[in-house]
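> For the protein sequence lines, the chains are A and B, in the order given.
Note that UniProt numbering has the first sequence beginning at 1, numbered continuously upward.
Note that UniProt numbering has the second sequence beginning at 1, numbered continuously upward.
You may find that some hints are simply not true.
Just so you know, same-sequence chains aren't split out, so a pair can sit in one copy or run between any two.
Unchecked claim - Capping the alpha-carbon separation at 25 Å, the derived lysine to any residue pairs in SDA-like fashion look like this: (1) K87 with S76; (2) K13 with N45; (3) K137 with T26; (4) K13 with D51; (5) K2 with L85; (6) K73 with P190; (7) K126 with G155; (8) K73 with S55; (9) K126 with I192; (10) K87 with G136; (11) K13 with E195; (12) K87 with F184; (13) K2 with A18; (14) K137 with E182; (15) K13 with R69; (16) K2 with D21; (17) K126 with P216; (18) K137 with W102; (19) K126 with V185.
Keep in mind the hints are simulated off the structure, nothing from the lab.
There are 2 protein chains.
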Amino acid sequence: MKVLIVHAHPEPKSFTAALRDQAVATLEAQGHEVQVSDLYAMNWNPVASADDFSSRENPEYLVYALEQRLGVKSQSLAPDIRQELDKLLWADLLILNFPIFWFSAPAMLKGWIDRVLVSGICYGGKRFYDQGGLSGKKALVTVTLGGREHMFGDGAIHGPLEDMLRPILRGTLAYVGFDVLEPFVAWHVPYISDEARKEFLTSYQQRLEHLSDDQPMQFPRLAQFDEALYPLPV
Amino acid sequence: MKVLIVHAHPEPKSFTAALRDQAVATLEAQGHEVQVSDLYAMNWNPVASADDFSSRENPEYLVYALEQRLGVKSQSLAPDIRQELDKLLWADLLILNFPIFWFSAPAMLKGWIDRVLVSGICYGGKRFYDQGGLSGKKALVTVTLGGREHMFGDGAIHGPLEDMLRPILRGTLAYVGFDVLEPFVAWHVPYISDEARKEFLTSYQQRLEHLSDDQPMQFPRLAQFDEALYPLPV
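For reference, chain A alone in the conformation it holds in the complex:
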């Protein structure tokens, strides 16, 4: 398997980075090929803008997704985007590895999503959800957070973590066609012992060693909707 890990954490020595390193070691030991995009180390530019296109279909008025579509054809996408896109297309498994900031991804990673998941390749027209441009690939979200596990779930103060992560799990990864696996979550990280952190690393290793057994999460399929995307009778 070819694996791309996209990592975004402002502290190079973070536990989130230890999870990234655990993933690299575990997956390589299994014979997989691994590439890492360490967005902070790369000084990644997260801002989607007109500068992302060396030439524009419409220089007067920017419709970002439209310019992405044309940029793919005319090879006018910025080199940093094209490089990440090539890694993404190379990979069979994408791991997004990040600390939860405001119940979602840090801006650094959000900007990777905004710029790299280009229209025309990753999605477009009726190519989304199970028909998405990246269908056949798997995605795993690996997160660290400050909250405790009992603060998430039905009836818990923040509700289910999967509901908070819905724009990423469903609105992004499932949307472009990935088989999305259940997130791996390390809870309460800033406050726990080294021992507890080691237990998370061990359980992550075990998870990764058996990833092929994982059943993907369930999301809508286009066949459940008509041409105008109204739901069909069940």
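Use these hints to put chain B onto chain A, whose structure you have.
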């Protein structure tokens, strides 16, 4: 009322910008004071990093929220953050005005949230949700998107838009104490006529003129949970 509009769109002539201008005109005509943070025009830096603190409690290891807390006290927050924070604290109403990118905010705006909603002022310890540091203020999310209205809601292909916006509405704005109003949504914007756009502007104007009648959305209250944040019996 004092109003801060935080606007993030890569195209200065966008319809999203027209909504911003409509809000400024409508609110000023009612006698409110309005400030606008136009993040693209300001060349806002969306990346939370060690550079956000002129001095650090722990220069060896960055825990971002902890340094925010200490940075507030020692006045070591970066000037761009402090300036936005002062606008936020000045405002009675915050409007986040943006195009939906991947069912959430563009990275530019996510980075305003990551950097400006500092721990120690906006939240911290048991000060969150109805006890949040910004309680007493109102927040409105105004968004443009490409999808049609029938693609959102129960049973619709993307589910309710409010569920996709949960990390922002609940996990961010309600979390820091805002009374969060129902989002204002302009659907299918890239594809609609000038006439249809004008109708959205008119309906936005009417919404803003009667904003004080709006009932805030319902979110958890800390009194529903015990000291360890387990739910109390109903």
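> A separate judgement is required for each hint: does it hold in the structure or not?
Verification of the supplied hints:
1. K87 with S76: within (18 Å within a copy, 39 Å between copies)
2. K13 with N45: both (21 Å within a copy, 23 Å between copies)
3. K137 with T26: within (19 Å within a copy, 48 Å between copies)
4. K13 with D51: Between copies, since 16 Å is at most 25 Å while 32 Å is not.
5. K2 with L85: within (14 Å within a copy, 43 Å between copies)
6. K73 with P190: This pair counts as between: shortest inter-copy Cα distance 21 Å, intra-copy 45 Å.
7. K126 with G155: between (36 Å within a copy, 18 Å between copies)
8. K73 with S55: within (11 Å within a copy, 47 Å between copies)
9. K126 with I192: between (46 Å within a copy, 19 Å between copies)
10. K87 with G136: within (15 Å within a copy, 47 Å between copies)
11. K13 with E195: Within one copy only: 17 Å inside a chain, 54 Å across chains, cut-off 25 Å.
12. K87 with F184: within (22 Å within a copy, 37 Å between copies)
13. K2 with A18: within (20 Å within a copy, 45 Å between copies)
14. K137 with E182: Classified as within: same-chain Cα gap 15 Å, cross-chain 36 Å, threshold 25 Å.
15. K13 with R69: Result: close only across copies, 21 Å inter versus 38 Å intra.
16. K2 with D21: within (16 Å within a copy, 48 Å between copies)
17. K126 with P216: Intra 22 Å, inter 36 Å, cutoff 25 Å: intra-copy only.
18. K137 with W102: between (28 Å within a copy, 19 Å between copies)
19. K126 with V185: between (32 Å within a copy, 23 Å between copies)
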